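Asks: Taken in sequence, the protein lines are chains A and B.
Quick note on numbering: the first sequence equals residues 1 to 326 in the working numbering.
Quick note on numbering: the second sequence equals residues 327 to 648 in the working numbering.
For the record, the hints were derived by calculation from the structure and aren't laboratory data.
This list has only true hints and no planted wrong ones.
Using C-beta positions, here's what the derived DEER-type ranges look like:
{"#": "1", "chain 1": "B", "residue 1": "Y356", "chain 2": "A", "residue 2": "R224", "range": "46 to 56 Å"}
{"#": "2", "chain 1": "B", "residue 1": "C639", "chain 2": "A", "residue 2": "E294", "range": "18 to 28 Å"}
{"#": "3", "chain 1": "B", "residue 1": "N600", "chain 2": "A", "residue 2": "E45", "range": "47 to 57 Å"}
Being a predicted model, the structure only gives us computed values, none of them experimental.
Idealized CB from N, CA, C, for every residue including glycine.
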Amino acid sequence: MKIGIPRALFFYHYYPLWESFFKDLGQEVVLSNPTNKQILKNGIEVAVDDACLPVKLFHGHVRDIAGRADVIFIPRIISIEPKKYICPKFLGLPDMIKHNLPDLPPVMDMTLNLYNTKLNILEHFFEIGKYLNKTRLEVMKAYYVSHKKFSSYKKHLRKYSVTPYEILTQKNIKTIKPDFTVLLLGHPYNLYDDFISMNLIKKLQKRNVKIITYEMLNEKKIVRGTKKLTKDMFWTLGNNILGCAYYLLENRKIDGIIHVASFGCGPDSLVGELLEHKVIRDYKIPFLYLTLDEHSGEAGFNTRLEAFIDILEGRKFSENNISSHG
Amino acid sequence: MRCSLGIDVGSVSTNLVLLDEKNNVIRTLYLSTAGRPIEVLMEGLKMLQDEFNDSLEIIAVGTTGSGRQLASVLVGADIIKNEITAHAVAALEEYPETQTILEIGGQDSKIIILKNKIVVDFAMNTVCAAGTGSFLDRQAQRLGIPIEEFGKMALKSSIPTRIAGRCAVFAESDMIHKQQMGHKVEDIIWGLCQALVRNYLANVAKGKEIRPLVLFQGGVAANSGIKKAFEEELGLNVIVPKHYNVMGAIGAAILAKKHIMQSGRKRTNFLGFNTTLRNYEVKAFECKGCPNSCEIIQIYGNERLMARWGDKCGKWSSSLAV
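Okay, chain A solo, but in the shape it has when bound (with noise of 0.2 Å):
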């Protein structure tokens, strides 16, 4: 059967795992192509109006995928680690997909909620396996295999720096002696996807600007750094922001930060100014708040971002060179 994945949301996190997975279960599986601008005029023509633009476009992903599959895979996703939620537009984000296009090839939605045990990952493959007449051992196996491959995909991220960019894109973006380290924060779906993040990481590179990523950093660090939170932070990815952002600031392993938001998202709103207002105030450094929208603006982003980078060179070169914690 052709599985057809839209290049979208929670690709930039379990398409490895994805990918393995189906395969090992002698599926095929077909991706949309990368965003471009056919691809999100089509998501913000049928999606609300409400939705934020990640979701708006996938909504246009699916529609790019769909002649091409024999059934699209949109799960259901609630929880991803214990005791933390996801943004609840992935709750309905199956349901949202099949009300506003109703004439798509079947839609895999099967349950991922790690809510209350990382165990439940295996419920979600077993209605997945079901689906495909696969039997229990079969989709253990499979599963054994993929998660695997994931496991030391995710140790890679971290073991050599990169960004799940270079691997999903196969994009190379190392930089030789870097100027800068710059810590980049934001929803992977946000910083991944070159249309959306108007080549963000492209610019960046070629501003000889070494970028490091949450994914670079292994759950204790994260969790560390989320220690220093008074409360907790109830989603996984706001969580993985502040988190990394704490514990780096901490370590002073960084000249500045960029957080990557998109217009209309709910979590990013609350976590962008938990950044800006606690983080950024108690550590004094550069910091830049970029904002996504569907008008895809580019003008007052370059300006935005050259002006950053021209802060990070003041402090680097100036005489008066303040400490970075001054």
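Chain B: place on chain A using the hints.
Replies: Using the frame of chain A, we list chain B on its own:
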């Protein structure tokens, strides 16, 4: 006379500045962009050429503003700088003690925070252009008051009318409503100035620490009502520099000269007044390479391709070094 030239092509105005070798301002031009950035820039250069004849030797050129790429190609710039850095550099040249710059232009408003003479933080208005020059222009026009008089009018008021400044559209309807209630025009204008300052502090400054010296620059700094409202709201003295409306261009000129000196290059890239005024042509086309259908802009000078941009993938722009 050896001068450096700074050019700021903004949404509303196109500014040119000549600085002498000691960075003193020799001449400033503040021209309305009027949607024709190329023509206006050419006119500006012609005006400078006519005024100074051959006595002028340009040693460095810098461009800034949202049209900085375009301007750079047309004149041959040594440095292309974003507005934020350019404004900060110009402010520091005149007032080295500056710690805060409030900048309100045609469609942008910015705050720049400096410490020990370097920029440490900045913010720009995001989705809202309430309180920028274009909005004030429109209100002045609606009330039939020349924009030059707008600030002075505000100062005449003693009881400001409360205006909702959160959004340009609502502010306008609120103003109309207050007019219909019988409020005096000067009170409404003074109320508007206060509302815009409140909006700026809430949406642009967003709790950033504003410390003296505070400079107010950009076209809107001409409005004495806004200046007074800032002073009252901040409890600080707000300085409007002499060349407040061309600070970006001044910064670009200073940076260009510095760049030439530091890079050890002897010559500027400036194409010269005569060459710059040559025949240029803009040809646009839509790339059919992928569904992005980018609009590619090509600039030709004397029938030679000078620059190309507008593509997302870099296929066209990178095939030609700008």
